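Here are the chains, one letter per residue:
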Amino acid sequence: MSREEPTSTHFSRRQFMKSGVAGAATIGLGMALPFAKVLPASAQGGSTVVIALGTTINSLDLHRKGTNRPSYQVAVNAYDRLVSFGTKTMPDGSLSYDSSVIEPDLAESWSFSEDGLTITFNLRKDAVFSDGTPVTATDVKWSLDRAVTLGGFPTTQMKAGLLENPEQFTVVDDHTFVITLPKFSKLTLPDLAVPVPFIINSKVALANATADDPWATEYLHRNTAGSGAFVVERWEPGQQLVYTRNDNWSSGELPEVSRVIMREIPSPSTRRALVERGDIDMSYEVPPKDALELRDKGDLNVISTPIENSLFVVACNEIFEPFKNKKVRQAMAYAIPYEDIFKTAAYSQGVPMWGASEMSPATTQWPQPFPYSTDLEKAKALLTEAGYPDGFTVPFYISLDLVSWMEPAALLIQENLAKIGVKAPIEKIPGANWRTAALVEKRLEMSLDDFAGWLNYPDYYFFWSYLETSLFNASNYSNPEIATLVEETLHLATDDPAWEPKIKRLIEIAFEDVPRIPLWQPTLSSAMSKDLGGYEYWFHRQIDPRKLSKA
Amino acid sequence: MAKSKTMTVLGRVAEAIPTLIGVVIVAFLLTRALPGDPAAYFAGPAATLESIQEVRVSLGLDKSLPEQFIIYVADLATGNLGNSISTGQPVTADVMSRLPASLELTLFALVLSLGVALPLGILAATKPGTWIDQLCRIIVTAGVSLPVFFTGLLLVYVFYYQLGVAPSPLGRLDFVYLSPPHVTGFYVVDALIAGDGATAWAAFRQLLLPAITLGLFTLAPIARMTRAAMLQVLSSDFIRTARAAGLSWRKVLFTYAFRNALLPIITTLGMVFSFMLGANVLVEKVFAWPGIGSYAVEALVVSDYAAVQGFVLTMAVLFVTINLLIDLAYTAIDPRVGFDG
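Protein chains in written order, with the numbering used here: chain A, 20 to 570; chain B, 293 to 633.
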């Protein structure tokens, strides 16, 4: 730590955090007592990690309707899945999940049938829930049935892996579980590793289910019944969530930290002050500006990971007559001041997505830079070619929830568009309306969008945002060739020889037609004390404390 | 006399009923008039049209407005304020946990603010035009013109970040403490009741910075009102008479002048208090204070109908109660004030 500890209270608290509960009692300071008093039987050894979050956790059950994104971390940490992803080391030395490797979690092995239509999972025999009862195939079936039945987001996500119907899930014996598929899909296994299909202790859940609530949503909303690495010890909505290590966990190496306190601190300035002072160990998801400044200061470790399969884009909606012409959309793409936006709105935290030299992609990497860069001459010429030499006026919408990046980006774009004769008055839409207006009704003529796909495949991104029916297709873009290509590639294995050329063609069309003009690929940044190691990036952007360690 | 007073209080409570009914209707209609579709919002990031419809049905939002209203009123009659979709808790539970947090902070801030504003106002009124009057003016102007989030961040920066004397702005209690068993909902009081001095002290320390921030802001109206009321009273005939009768300055100032000036001050206090309770959102954000103001704003942003209605109703009940208390205080301070006249 670079900062000295100025007061004795400080010292005792930091000691407390380092020594864990067993140590806290022996320090003998009054202020450390209450926790020890109330929680004498908690995990021995290990340390406490305190993490600040900007958002509130509103449920312990991901399957419940209305559960917000930050709550998904409970499904990640307090539950296991059949399979998980591997871990890789990034160029900067930090850890990231590895989307190309599927690893055992509750299933120790699995095999596809010859025709690829059934997957047989062999569950680990030593796996137990946090209450000590064994994990059986019945629990797995009950949990997956729940995910495909309760509706809403979980059911939609399950469908992506062709998991739609409880009849697809069969219990063979206590430790053998079979999934049958309508057709082979490369997405099925990864989709079983996302937070949604988490395995619940069905005995506990059923004991708390009622006739009106057969899936125990009320109970699981407030309680966890899982086999994950951590157990939720306290949940005070609007204030904090406290995890304790599950010492019975057997799906991986026992975490080093014995307790994790997730504290909700709404103000980013306060979060920054806390982590800079060393009173908390990590501020999760820091704004790009703080990431830049804290990295420059050097007192903390700031880890930034590009968010996979994610782009910040300008969507040109084809309900607006001029945008029906691809030359106009290309003119837009040439008029955007990419560099300035990247510096001002992203504080250079991210991956540039402009300036490629070829109009067709060399690789299937996604996202990859588009072949556009700021060229007002070219933009002007394209507009004239398209029949709009004097430009036009188009309202440009941004969300009030996302003004931190959308406002500077929109202002800079507006300024450049004015230079080619396009007036783009900026309209701000309240967060509650944004989704309805931009994605459900798709009625915004020009808007900014931030879609990110969980499963790391280009076809998956296209499926969600380039099809006529895609929810995230805020541009109302429609192209039969894209539709065919997505259908052909979505479930195809990536090592199939047909996959690569088709994906390249998809990207090529995206380059050419630019219904979505990428600005940059955003990053997820977290600032943490230099004593803290083992931070790992996950596609779901939830904190995973399993590998954390404190020096 | 005592009996008639009870009757008048009951009468007052009865008078509040139409107000509350009005509030229930208006709150219901206003939340429905909010732009935004809670079903789309709560259906999550990758929801399809069908799943949005499913959420709409499960929230009961597919029913007609009158139907929704009847269901809402029927629930209200049983004391059920509904469930907040954004926090996932019953609104009653949310209000019960957040209102005490706001009350504790606001009351404490008000005490701090009164402790400074009253003497300042009185002194300024007794010595108009002197340096103390100017000081009062400067403090008052500064208090109003500094936005609370700025004062809050400044205090955090100086006392926590730079000097390290204030506890971390982590909300009501640092994470090493557990919240005391719920009795009043005021952490300091509850911890003392539980005999846990360390927690009470910690909770008190957490209160200080946010309370000073809020207090600075509320100082202005109270000090100004005190000064104005005192000036007016001090220039009235009965004070001149009292002084001519040779009463001591202290007796004149506190027994005669201050008591008479108290009425407008109490009125201001009531207004300031109710205003602060719901409006200290920025202070709550800066200090991660789980209060009712930020709860309402978050609920509004996501069109969380039940939570917004619950908040409006709670605040209405509080306003009515505070007004009643103020009226009662009037009669206690000035026997000439009657309920009917």
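Incorrect hints may have been included.
Claimed, not checked - Beyond 12 Å from chain A on every Cβ pair, some chain B residues (computed): (1) V301; (2) A335; (3) N372; (4) S378; (5) Q381; (6) R390; (7) A393; (8) L427; (9) I431; (10) V448; (11) I531.
To be verified - Computed from the model, here is a short list of chain B residues facing chain A with C-beta under 7 Å: (12) A332; (13) Y333; (14) T340; (15) A492; (16) A534; (17) G538; (18) L539; (19) A580.
Rather than coming from a laboratory, the hints here were simulated on the basis of the structure.
Since the structure is predicted, the reported quantities are computational estimates derived from the model, not experimental observations.
Glycine included, every Cβ here is placed at the ideal spot set by N, Cα and C.
Evaluated hints:
Consistency note on V301 of chain B: stated as away from chain A, and its beta-carbon is indeed over 12 Å from all of that chain's, at 35 Å minimum. Not every C-beta of chain A lies more than 12 Å from that of A335 of chain B, the closest at about 6 Å, which undercuts listing it as non-interface. For N372 of chain B, the shortest C-beta to C-beta distance to chain A comes to about 15 Å, beyond the 12 Å cut-off, and the non-interface label holds. Chain A draws S378 of chain B into its interface by the beta-carbon criterion, the shortest separation being 6 Å against a cut-off of 12 Å.
At the 12 Å boundary, the C-beta of Q381 of chain B falls inside the reach of chain A, the nearest C-beta of that chain being 6 Å off. Consistency note on R390 of chain B: stated as away from chain A, yet its beta-carbon is not over 12 Å from all of that chain's, at 7 Å minimum. Residue-level check failed: A393 of chain B sits 9 Å from the nearest beta carbon of chain A, not beyond 12 Å. Listed as outside the interface, L427 of chain B is consistent with that label: its C-beta sits roughly 31 Å from the nearest C-beta of chain A, beyond the 12 Å cut-off.
Every Cβ of chain A is farther than 12 Å from the Cβ of I431 of chain B; the closest lies at roughly 26 Å, confirming the non-interface assignment. The Cβ of V448 of chain B does not lie farther than 12 Å from every Cβ of chain A; its closest approach is about 6 Å, which violates its non-interface assignment. At roughly 49 Å, the least C-beta separation between I531 of chain B and chain A is larger than 12 Å, which holds for a residue marked as non-interface. The interface hint given for A332 of chain B holds, since its Cβ lies 4 Å from the closest Cβ of chain A, which is under the 7 Å cut-off.
Below 7 Å, beta-carbon pairs count as interface contacts, and Y333 of chain B has one with chain A at about 5 Å; its hint therefore holds. Interface hint status for T340 of chain B: upheld, as the beta-carbon distance to the closest one in chain A is roughly 6 Å, under 7 Å. Hint status for A492 of chain B: violated, given a least beta-carbon distance of 11 Å to chain A, over 7 Å. Interface restraint check: A534 of chain B against chain A, minimum CB-CB distance 52 Å, threshold 7 Å, status violated.
The restraint placing G538 of chain B at the interface with chain A is violated, with a minimum CB-CB distance near 56 Å, outside the 7 Å limit. The closest approach between the C-beta of L539 of chain B and any C-beta of chain A is roughly 51 Å, which is over the 7 Å cut-off, so the hint fails. Among the interface hints, the one on A580 of chain B holds; its C-beta lies about 4 Å from the nearest C-beta in chain A, closer than the 7 Å criterion.
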